[in-house]
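K.L.:
Residue strings, one per chain:
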Amino acid sequence: MKLITAYIQPHKLNDVKQKLFEAEIYKISVTNALGCGQQMGYTEKFRGVDIEVNLLKKIRIEIAVNDDFVKKTIKAIIDGAHTGEIGDGKIFITPLEEVVRIRTNETGTVAIG
Amino acid sequence: MKLITAYIQPHKLNDVKQKLFEAEIYKISVTNALGCGQQMGYTEKFRGVDIEVNLLKKIRIEIAVNDDFVKKTIKAIIDGAHTGEIGDGKIFITPLEEVVRIRTNETGTVAIG
Amino acid sequence: MKLITAYIQPHKLNDVKQKLFEAEIYKISVTNALGCGQQMGYTEKFRGVDIEVNLLKKIRIEIAVNDDFVKKTIKAIIDGAHTGEIGDGKIFITPLEEVVRIRTNETGTVAIG
Amino acid sequence: MKKRALTVLVVLLSLMVFPAIVSAQEAEYVTKADLDGITTMLWLVVAGALVFLMQAGFAMVEVGLTRSKNAVNILMKNLMDFAVGALAFFAVGWGLMYGASSGGWFGTSEFFLNIPTEEWANKMRDWFFQVVFAATAATIVSGAVAERIKFGSYLIYSVFISAIVYPVAGHWIWNAEGFLAVKGFHDFAGSTVVHSVGGWAALVGAVVLGPRLGKYVKVDGKIISKAFPGHNLTLAALGVFILWFGWYGFNAGSTLNGSSADIGHIAVTTTLGASAGAVAAMILSWIWFKKPDVSMTMNGALAGLVSITAPTFAVSPTSAIIIGLIGGILVVLSVEFFDKVLHIDDPVGAISVHGICGVWGTLAVGLFAEPDRIRQGTAGLFMGGDATQLGVQALGVGMVFGWVVVTMGAVFLLLKAVKFLRVSKKEEQQGLDINEHGADAYHGFQIFSNM
Amino acid sequence: MKKRALTVLVVLLSLMVFPAIVSAQEAEYVTKADLDGITTMLWLVVAGALVFLMQAGFAMVEVGLTRSKNAVNILMKNLMDFAVGALAFFAVGWGLMYGASSGGWFGTSEFFLNIPTEEWANKMRDWFFQVVFAATAATIVSGAVAERIKFGSYLIYSVFISAIVYPVAGHWIWNAEGFLAVKGFHDFAGSTVVHSVGGWAALVGAVVLGPRLGKYVKVDGKIISKAFPGHNLTLAALGVFILWFGWYGFNAGSTLNGSSADIGHIAVTTTLGASAGAVAAMILSWIWFKKPDVSMTMNGALAGLVSITAPTFAVSPTSAIIIGLIGGILVVLSVEFFDKVLHIDDPVGAISVHGICGVWGTLAVGLFAEPDRIRQGTAGLFMGGDATQLGVQALGVGMVFGWVVVTMGAVFLLLKAVKFLRVSKKEEQQGLDINEHGADAYHGFQIFSNM
Amino acid sequence: MKKRALTVLVVLLSLMVFPAIVSAQEAEYVTKADLDGITTMLWLVVAGALVFLMQAGFAMVEVGLTRSKNAVNILMKNLMDFAVGALAFFAVGWGLMYGASSGGWFGTSEFFLNIPTEEWANKMRDWFFQVVFAATAATIVSGAVAERIKFGSYLIYSVFISAIVYPVAGHWIWNAEGFLAVKGFHDFAGSTVVHSVGGWAALVGAVVLGPRLGKYVKVDGKIISKAFPGHNLTLAALGVFILWFGWYGFNAGSTLNGSSADIGHIAVTTTLGASAGAVAAMILSWIWFKKPDVSMTMNGALAGLVSITAPTFAVSPTSAIIIGLIGGILVVLSVEFFDKVLHIDDPVGAISVHGICGVWGTLAVGLFAEPDRIRQGTAGLFMGGDATQLGVQALGVGMVFGWVVVTMGAVFLLLKAVKFLRVSKKEEQQGLDINEHGADAYHGFQIFSNM
Ligand SMILES: Nc1ncnc2c1ncn2[C@@H]1O[C@H](COP(=O)(O)OP(=O)(O)O)[C@@H](O)[C@H]1O
Ligand SMILES: Nc1ncnc2c1ncn2[C@@H]1O[C@H](COP(=O)(O)OP(=O)(O)O)[C@@H](O)[C@H]1O
Ligand SMILES: Nc1ncnc2c1ncn2[C@@H]1O[C@H](COP(=O)(O)OP(=O)(O)O)[C@@H](O)[C@H]1O
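Chains R, S, A, W, D and P, in that order, are what the protein sequence lines are. According to our numbering, the stretch in the first sequence is residues 173 to 285, in order. According to our numbering, the stretch in the second sequence is residues 173 to 285, in order. According to our numbering, the stretch in the third sequence is residues 173 to 285, in order. According to our numbering, the stretch in the fourth sequence is residues 24 to 474, in order. According to our numbering, the stretch in the fifth sequence is residues 24 to 474, in order. According to our numbering, the stretch in the sixth sequence is residues 24 to 474, in order.
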């Protein structure tokens, strides 16, 4: 099993959700984040003073999947989040050793979905 | 060492903290998250229009533990968060290669607690 | 590749960013968190009633790096966040199997930076 | 002897007469006319200030009921529609509204406050009381076009409504020589003049702009309306309280006379109308949606206020309650109708609150006006009168609807034609604050601003 | 010769007499009575509007000092207690309070504003000024019962207090024939009539409801009080400023006379009382809790205002400061006492601010009333008077306490008996907004709402 | 025959004379003097209440334009500078300002409101109207010293400005015997007396305190100014609306006469000045920064209000617009200049809005005053007058600048010398709320509070 963590542009979340849905990946967790990457981004102005917004608003998505789902999950995220512009984001895949469904105590691959 | 990540219902956080405390697990990190799972959840109404809240408020807990602590940590989380209802949440266990305590530069198992 | 996750004091974020910058680590992701550790912390008062703030505000930093960058990243974080006081925080290193740059579909070490 | 008699008489008379004269000299008495001038000056400036504060109320309601990523834009709109509107009303609006009437259709003098010295003091007072009404009409629209209109085009709209559209409609009804005024059209504080004008402009704006991205989605053939919940209902509620507060200046100030004995009556009908509106909307939403809906209830209070604005002077407290109740029900039905049936996207319900309830309030005069209270016009249908007044009211409603739809329609369509009306898809997704103003309303707060 | 003399005389007299008469004809002069009628109409409607705005102040204070998951519920309560309260006061309340007195206990006429035409204008004015006071008494409670009471039962409570509990107490004290009024009980603007009534109702409500989940936890035998910090102290502070602002209408308006020369005096004592209250509470909290506590300081300002409400007219500025200082100290001690000792959970401190300080303010009249300023009643104990007035004040305090505790106790216990009073454990944990109103006050904001 | 003639005459005369006398007895008429007393009492208390509400406006603007971690501190400052300021103005301030003048420099009587009974009512009225002005001057500073000053030292500052600095400057200008007043210095509502005093105190405070940590960073030799964006622009905008609203009391109330026919004129110039200021600042920021900047636009509206405060009475509506436009441009240039060139850290722009525009407004009298409107002083340079008035205005500006800089400089430097002025580096980083008040303004909200 893998834990897939992706950082995307906030306004792309709905598209990504849509794509994941189409790929039958229904279970995700989302958090708010600030990201700093290649994208230097717009600069806000506040009373005429530039704010180096080198920390831009991002959305962090976490998805635990079985190994056979990894590819399609990545594809779905890219399909939803890709614009070709700097700032599109990253996907990180880390090993997931165990999953437990709190409600049923089920563990392993059955507990993921 | 393992990194345990759990998603639970927000109103269960205090119970989980309590159980972890009783199991002598004192160090945790908590973040706010939105989760989408089996639980389809209530629908809010706003001026009479349904809002598909398929993204429900969740709490994300992160706990780094030594291997011998993994079981009791999982148990404590389940004891605190379990209601038997859909939406109870999930626990993810991932391998943790190294830990550093910033204050002392200690590393490894001693740094965890 | 490794995924480095660090919890630091909120008011240390700028220093840490500075140090990472100097170490030529430009890409990071930041989230807000509450942490519970050794530090028992101040207690707020609200209308004269103590609030056990055993959950203190923390900043969570996530950095994906190539193996040869791990050491300097850790050093940079410590340099920026260290005060010697309880509450300085922790750094967690977990294995990172794959990285994908959404914009270009690049994967692996080239995609990290 | 006679001499003495005379002397006595003179002395006697002097005693009677002189004191009066003396006192009359040292302490001159106040005439009713002087007094009315003085009290009216105080009353209209205080009431006008209350009406001004309604700008804050509208700003809070609109910002609270929309998304955080567009907050700054809405605040700028509410601040600037007053600022540019006031200058426009100074230059043109006032003249068109209260200048010498050309056939009852529009005014032709007093542009740029070009006013003779002897009328100066009172005209200044009246201009101030009127400009805040003009601003109210203008700002009603900002909620309906929120989250997608370009800031620049909103400013252009603001100038038009404050300089021309509102003043001309106002001339018809509130200028003594206005063609509706002479017909006996009764709109005491502006259900039609202010609220319907704003409401219809909001309607036109919302239609020409089209809905916000993702507001109406087609799911297997059927169009479904999605809710975009407001980001701060606390401030929205604060806005409702502020509006209600300001309404006492709006309605009671419309006596235009600080010595009026009817001010209390108006405060009462205003209070009861608003309360009844809130209660009715709350109950209906409770039955319909299973739970008492906060934003419907708030709209109900505003609906009650708009509904009682025209009849506030002429109806009894009991009628005020009935009018408010119906207003509260109307607003819920209307919001649902525009959203679910017509699919016209009005983020805050401005069309229903101000347009629809403005009409209802205006017609209510023709139904509930007390024979002994209505000065201009005749008793209402239910109060022993016939349908004459109702007819006149309906005529006015229709004329104003036509005027606003045609003129504002032209403005908005023109702006659309030159591609200046609406922000781009990406700007709308990211929010107008960043793109239109380079600002973040709640810096540092973690918000799912994409929602 | 004499003829000439006569003629001269006549001419002379004519010159003296006629002009006066002529002018008296063309421009009629204003009598003191007319003037008072006119100024009082303006004054009470303006002051009443300010008091109305206090609803917004209460809403912001209460919402700011409680948790975000219950914000919508609190706003709905503050909006609707006015709306239903106004209708109840229209139907029953006013009649019970100001109708023809039955033995000084309650009024028996003018229900549904059934009022003769000749009295109409002034009674309308008075009803408006009174209804906002009734609403104030009602809304005080919403803070004390916040975060756990069912919305439906709160509405029922609101009807009772506005229709019966407040009006009857008001009748005793503010109806000229009220049995306390005739005894010379002096409560100028309502420390007892409004604030204590609200405060005691809050006490009863809080006791019958019981504390919020997790407010008092038993740790090895000892009960510990946990703090549930408010989610928006900025809005709480805004509410305090708005309340203070409205209080100028509340106190100064209570002259009930627009020509009163005492309005300025009242504004001064109100300002100084509030300032002293804030200073005292801040200093005490600074000493006691090591830091100047914001919510204690805000409560101190309100405590000063409540304390000076009864004596505002009758005491000197210096006395006002003393009264305010004591009020500010009292509120801190009282909040601690109710929380730490009695374990009565009052989320915003309403019992202490309005109940306790209401009593203090009422008694303060008996201590500090200036002989030359107190009309109804006698000089205060410290101002060369004896204890008579203090006794009367104490009697009133006791009677009102008993009346409110008994009647409101009955209402709340009944609601509890039928299991309608309080939300379920889970609803309380998740928050009333979702469960009672299906709403989220701050959609999109990331909040640890479980805290 | 003559007898009859006489009788006839007497009867005739009686008929003419008696009725008048009789009626004059039964219903006494109101004299102009009585009326003025009554209307002025109402007017100044209502206007004073509006000015009081400006405290809320300042609080919201300042809190909204600064960071969330210092919100509670700013609210406490705004609440307490009024509370302690009112007590100080009661004890000392009023006496120094309006007591018997010692050579036109300061007052020497009426401390602790020690006032003879016959003047009591009116002096109470005047004290209330004046204390809110004193509080305005005091609270202007809190924005400029925000996010770094120790709460305790701010309280000390507040006492000084309310007790001494403001009253003495006020004495010079608003006390009939003040040395600037006798010179014909015209500052109708306080561009200099209130706003410049506050603005210069803000300047001194900001300079002595030094900038916030990380505000000015040296990047390869060049000092760069960083922006610390405000955390709630919605509340900042609400504050601007509230301030604008209160300004109607501030300017129009300064007629000090409830029967004045100029109240309307003042409301008009105030409205147009503010609107013009907002428009000018918006346009300039749009051109300069490419986007219409919200906080500049809000400052523009306030700049227009400050600029029109002195000339509001004496200038024409058209001049008011010109004055406002220039004020709006000035504030943008000034904010940039103080920040980018002088590197003086003024978080909310108080120095520019109140100090600079206060000067502009004061001088504008010397340029635009209408010959027929200016009572105290002479016509403006552009209105057919010569430079006399401008000279007098400039003198006053200079004197007040000197007085404030010297006195406030002494206070702030002393506080700094005893290490009591500013919080520690770590406290500043963590925020003043936690460290100074042990509070969290937005408990539960996830905020990047370090930013
Ligand atoms: N090495 C990394 N470690 C942690 N987060 C990263 C890393 N690289 C990118 N990110 C996250 O992804 C977001 C997008 O990265 P960026 O480099 O701007 O996109 P792109 O690669 O398309 O230019 C960043 O804002 C940051 O949140
Ligand atoms: N595969 C997954 N990947 C990421 N997050 C998940 C996954 N499954 C569940 N979650 C998180 O756990 C929460 C609860 O899951 P849900 O399926 O609703 O609970 P249950 O399994 O008890 O029905 C979800 O809201 C989501 O935040
Ligand atoms: N074992 C752990 N698991 C998860 N988070 C931890 C763990 N240990 C520490 N943390 C995080 O690091 C923060 C600092 O830890 P703390 O023990 O207070 O610092 P120190 O080790 O310097 O005393 C905590 O608030 C928590 O957020």
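It is worth saying that the hints were derived from the structure and are not from the lab. Keep in mind that this is a model prediction, so the values were computed, not measured. It is possible that some hints are incorrect.
What the hints assert, rightly or not - Calculated Cβ distances over 10 Å to all of chain R for the following chain W residues:
#1 Gly237
#2 Leu356
#3 Val364
#4 Ile367
#5 Leu437
#6 Gln452
#7 Ile470
As the list claims (entries may be wrong) - The calculated DSS-like cross-link candidates involving lysine-lysine, where the alpha carbons are at most 30 Å apart (straight line), are:
#8 D:Lys146 / S:Lys199
#9 A:Lys189 / P:Lys249
#10 R:Lys189 / A:Lys191
#11 P:Lys241 / P:Lys439
Said to hold, decoys possible - FRET-style restraints, in silico, Cβ to Cβ:
#12 P:Pro394 / D:Glu141: 48 to 54 Å
#13 W:Gly175 / D:Phe135: 51 to 57 Å
#14 R:Thr281 / W:Gly175: 52 to 58 Å
#15 D:Asp243 / P:Asn137: 29 to 35 Å
#16 S:Lys244 / P:Gly237: 41 to 47 Å
#17 D:Thr341 / W:Trp311: 42 to 48 Å
#18 S:Asn277 / A:Glu194: 56 to 62 Å
#19 D:His366 / A:Gly256: 54 to 60 Å
#20 D:Leu436 / W:Thr411: 40 to 46 Å
#21 P:Asn137 / W:Arg398: 41 to 47 Å
#22 A:Gly256 / P:Leu365: 37 to 43 Å
By construction, the Cβ of each residue, glycine as well, lies at the ideal position given by its N, Cα and C atoms.
K.L.:
Taking the closest pair, is the beta carbon of leucine 356 of chain W still more than 10 Å from chain R?
P.N.:
It holds; leucine 356 of chain W is separated from chain R by about 31 Å at its closest Cβ, greater than 10 Å.
K.L.:
At 10 Å, judged by beta carbons, does leucine 437 of chain W keep clear of chain R as stated?
P.N.:
holds, 30 Å
K.L.:
Could you check the hint for me, namely that histidine 366 of chain D and glycine 256 of chain A are 54 to 60 Å apart, CB to CB?
P.N.:
violated, 42 Å
K.L.:
Is the Cβ of glycine 237 of chain W more than 10 Å away from each Cβ in chain R?
P.N.:
violated, 7 Å
K.L.:
Verify this label for me: isoleucine 367 of chain W is non-interface relative to chain R, using a Cβ-Cβ cutoff of 10 Å.
P.N.:
Per Cβ check, isoleucine 367 of chain W is outside 10 Å of chain R; nearest 23 Å; holds.
K.L.:
Quick check on a hinted range of 48 to 54 Å for proline 394 of chain P and glutamate 141 of chain D, using CB atoms only.
P.N.:
With Cβ atoms ~52 Å apart, the hint holds.
K.L.:
So does asparagine 277 of chain S sit 56 to 62 Å from glutamate 194 of chain A, Cβ to Cβ?
P.N.:
Between asparagine 277 of chain S and glutamate 194 of chain A, where Cβ atoms are some 19 Å apart, the hint is violated.
K.L.:
So if I understand the rule, the pair passes when the alpha-carbon distance is 30 Å or less; does lysine 241 of chain P with lysine 439 of chain P pass?
P.N.:
Status holds; Cα separation ~25 Å.
K.L.:
Regarding the pair lysine 189 of chain R and lysine 191 of chain A, is the alpha-carbon distance no greater than 30 Å?
P.N.:
Status violated; Cα separation ~36 Å.
K.L.:
Taking the CB of glycine 256 of chain A and the CB of leucine 365 of chain P, does the distance hold inside 37 to 43 Å?
P.N.:
Check passed, 38 Å falls within 37 to 43 Å.
K.L.:
Would you say glutamine 452 of chain W is clear of chain R, with no C-beta pair closer than or equal to 10 Å?
P.N.:
Label violated. Min Cβ-Cβ 4 Å, cutoff 10 Å.
K.L.:
Holds or violated: the 41 to 47 Å window for the beta-carbon distance between asparagine 137 of chain P and arginine 398 of chain W?
P.N.:
This hint is violated: roughly 53 Å between Cβ atoms.
In summary, the structure is inconsistent with hints 1, 6, 7, 8, 10, 15, 17, 18, 19, 20 and 21 from the numbered list given earlier, while agreeing with the others.
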